[in-house]
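Colleague: Using the hints provided, position chain Y relative to the given structure of chain H.
Protein sequences, first through last, are from chains H and Y. When you read off a place in the first sequence, starting at 1, and then add 12, the result is the number in the numbering used here. When you read off a place in the second sequence, starting at 1, and then add 12, the result is the number in the numbering used here.
It should be emphasised that the hints constitute simulated quantities derived from the structure, not laboratory data. None of these values were measured; they are calculated from a predicted model. A few of these clues could be false.
Identical chains share a label here; the pair holds if one copy fits it or two copies do between them.
As a list, the in silico DSS-like pairs of lysine-lysine whose alpha-carbon atoms are at most 30 Å apart [to be verified]:
{"id": "1", "residue 1": "Lys38", "residue 2": "Lys73"}
{"id": "2", "residue 1": "Lys157", "residue 2": "Lys17"}
{"id": "3", "residue 1": "Lys317", "residue 2": "Lys363"}
{"id": "4", "residue 1": "Lys276", "residue 2": "Lys168"}
{"id": "5", "residue 1": "Lys73", "residue 2": "Lys62"}
{"id": "6", "residue 1": "Lys348", "residue 2": "Lys363"}
{"id": "7", "residue 1": "Lys75", "residue 2": "Lys317"}
Number of protein chains: 2
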Amino acid sequence: MSYNKEMFELGNHGSAIRELYEYGRKRRQIVGDMNVYDFSIGNPSIESPKIVEETLVNLIKNKKSTVLHGYTSAVGDESTRISIKNQLNKTYNANVDHNKIYLTCGAAASLAITLNALYSTHDELIVFAPFFPEYRVYSLNSGYKFVIVDPSPDFKINYESLERSINKNTKVLIINSPNNPSGAVLKEEDIIKLATYLKKKEKEFNHPIYIISDEPYREIIYDDIKYPFITNYYDDSLVCYSFSKSLSLPGERIGYIVVSSNAKDSDEIFKAVAGAGRALGYVCAPSLFQYLIANVVEETSDISKYKENRDYLYNSLKELGYELIYPDGAFYLFMKALEPNAISFMERAKKHDLLLVPSDSFGVKGYVRIAYCVSLEMIKNSIKAFKELKEEYDNEK
Amino acid sequence: MSYNKEMFELGNHGSAIRELYEYGRKRRQIVGDMNVYDFSIGNPSIESPKIVEETLVNLIKNKKSTVLHGYTSAVGDESTRISIKNQLNKTYNANVDHNKIYLTCGAAASLAITLNALYSTHDELIVFAPFFPEYRVYSLNSGYKFVIVDPSPDFKINYESLERSINKNTKVLIINSPNNPSGAVLKEEDIIKLATYLKKKEKEFNHPIYIISDEPYREIIYDDIKYPFITNYYDDSLVCYSFSKSLSLPGERIGYIVVSSNAKDSDEIFKAVAGAGRALGYVCAPSLFQYLIANVVEETSDISKYKENRDYLYNSLKELGYELIYPDGAFYLFMKALEPNAISFMERAKKHDLLLVPSDSFGVKGYVRIAYCVSLEMIKNSIKAFKELKEEYDNEK
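Chain H on its own, in the form it takes in the complex:
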């Protein structure tokens, strides 16, 4: 074989989301930008805050280019790690050590590195449906058995299914709150319940079970919900973060990993994280954006606009009679398809130029994900199409 078949398959069949997005791009060229209601992709529509532009220009004009664009240490620039630590400890009253922060090329890198760092032979990884499809890719590439816990009615944690899935080989669970694709948020009581359950399981199996909290949407949370920072509730935990969504910088690939200082073998895990980064070809996170983050770690884009979108879309679709999960965070709305097969529902929605991602690749059947990180104007224009789609199904009954 002249190439790696598994890698070929991954490259040949892009994600369903990317494929729908590509369709939308072509369709817009035919019928015009405002006539395609493209809810397919989680690309932030809100501009980065002005201070991002100002700080970048300031750094480029005033910092010596050989330093600004030079290698940082592999774990990341120290001043950046200290800024992140201060922000986390201040915001969440957490106990993060900057020597346990590893800067990465975004959340995907954070996850791939963390999963490689933790893996030993026979390990199993648990995810909760619905889940971000790339978890499966990183899991298989690291070597884990990939175990899916069934969804619960509120799209949080189904303990019956978890109890059936967990066993002595379980090494890691990934939680993702606010959730992509459902928008569900694990609140403090949810995290306390999960932590209590897992501490019991750690005792039962007599080894640590790690939680990886994948939280790029951490700041996109509505209605004054308090975000429970995982290391405050569960020792054996790691945080995977990205500034993609909070600062609208998805293309720049900047994020981090935090290893809880209280985790079992915390020092060794941190070194394994650095080693996994090295093995996967990461040298350091992009240096200009590291220095940016040192200055703007407390800032976010104007998230109130996503709330406006959520409220308008949720209320309008509810009124039309659609069945929806009320999203507490992120910029996704999870909607029940009007037929059991979400893929054929997606195809019929497409005929109304509504681009919705079927839930199948998220490990759940019969739903679609609506990414409302788009302009409010587009959302308003799209309601007519949602209405026609609903009527079409109603008329068939």
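Modeller: Here is chain Y on its own, set in the frame of chain H:
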């Protein structure tokens, strides 16, 4: 095991180069910047060309931030790929297709991705000593048997050793010209000889043998040597490139992979490259720097300064009686240690505040690498220390 032991080892024992660099950083704080002759690391000392700064500021001020910092397609922005194609085809009269260019987070990512994309069970990878130590890391992580060809006297290609090393399981060879650590350059006649040899071997084994040309130092080449671009000479080839050295942007992590359009299974390999990028956690190369490259792909830093350094250092050390490999490119000088054990030579040089990397990690014994990407002033000041070191050894004879 609560973490991955192999990854832990990689993280716990950083590269010898990084460790020496860290020593230098601490030593400078004690004796002052100008009193440590730190030749340990390949961090470009020449500023990026002014147009880099101007273009970055211009992009940040004038391009919509949601586009500038947004996701590009996974293979990279099309205009950037077209610029790279045009530059390669114009400079080398090559036949590169922009649909066979995949933008990466630098050369390390290019190599890790490419090796993963090509690997099948039982495959072997050949490297030529001296070689960049991280090749071993990426090789093992992909699964290859790592096979080292002995050095030849001119640090180019030892065909006797190659003939002993190559076999039916050989899938890939990595060439690295200009070479890190020796500075040796494979000239056109060298590449023709290698291509002829490998074509014969492909016939003999009846399957493709790929050359990966790792060429981040491609533009740092002296004395009007013509650079032979590999795809012009050998069909089954891939290029791994980075702008780290040519534009002095090592921290920004921007580079690319070219899959030769004439390679056996070229289309499948390109898809496997995209798949491997996905599996290793790469989403896209940093977007701002992609757009930068689209504008400045023909530029380089002022490389004449490295030539000045090379000439001064080579001539001075030659005069002192050191045995040296004359470097045609890159910014490294390979010098014979004054005793058989390069590590103990390195330790004695350290006492003169001369930081030289022993050749052992490059797969060769008895040499040190001198990275002369430093100020000419530092080089001039260091000569006294080199003189004292030489005299110390001479007096022991």
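Colleague: Pop the pair Lys38 and Lys73 into one bin, within, between, both or neither, using alpha-carbon distances up to 30 Å.
Modeller: between (39 Å within a copy, 29 Å between copies)
Colleague: Are the CA atoms of Lys348 and Lys363 at most 30 Å apart within a copy, between copies, both, or neither?
Modeller: Within one copy, since 18 Å is at most 30 Å while 72 Å is not.
Colleague: When no copy is specified for Lys73 and Lys62, does a C-alpha distance of 30 Å or less occur within a copy, between copies, both, or neither?
Modeller: The answer is both: 17 Å in one copy and 11 Å across copies each meet 30 Å.
Colleague: Give the relationship of Lys75 and Lys317 under a CA distance limit of 30 Å: within one copy only, between copies only, both, or neither.
Modeller: between (34 Å within a copy, 21 Å between copies)
Colleague: Can you give me the call for Lys276 and Lys168, within, between, both or neither, at a CA distance of at most 30 Å?
Modeller: Answer is within: at 26 Å inside a copy they meet the 30 Å cutoff, but 48 Å across does not.
Colleague: Which holds for Lys317 with Lys363 at a C-alpha limit of 30 Å: within a copy, between copies, both or neither?
Modeller: within (28 Å within a copy, 61 Å between copies)
Colleague: Checking Lys157 and Lys17: alpha-carbon separation at most 30 Å within a copy, between copies, both or neither?
Modeller: Cα proximity of Lys157 and Lys17: in one copy and across copies (20 Å, 19 Å).
Checked against the numbered hints above, the structure breaks none of them.
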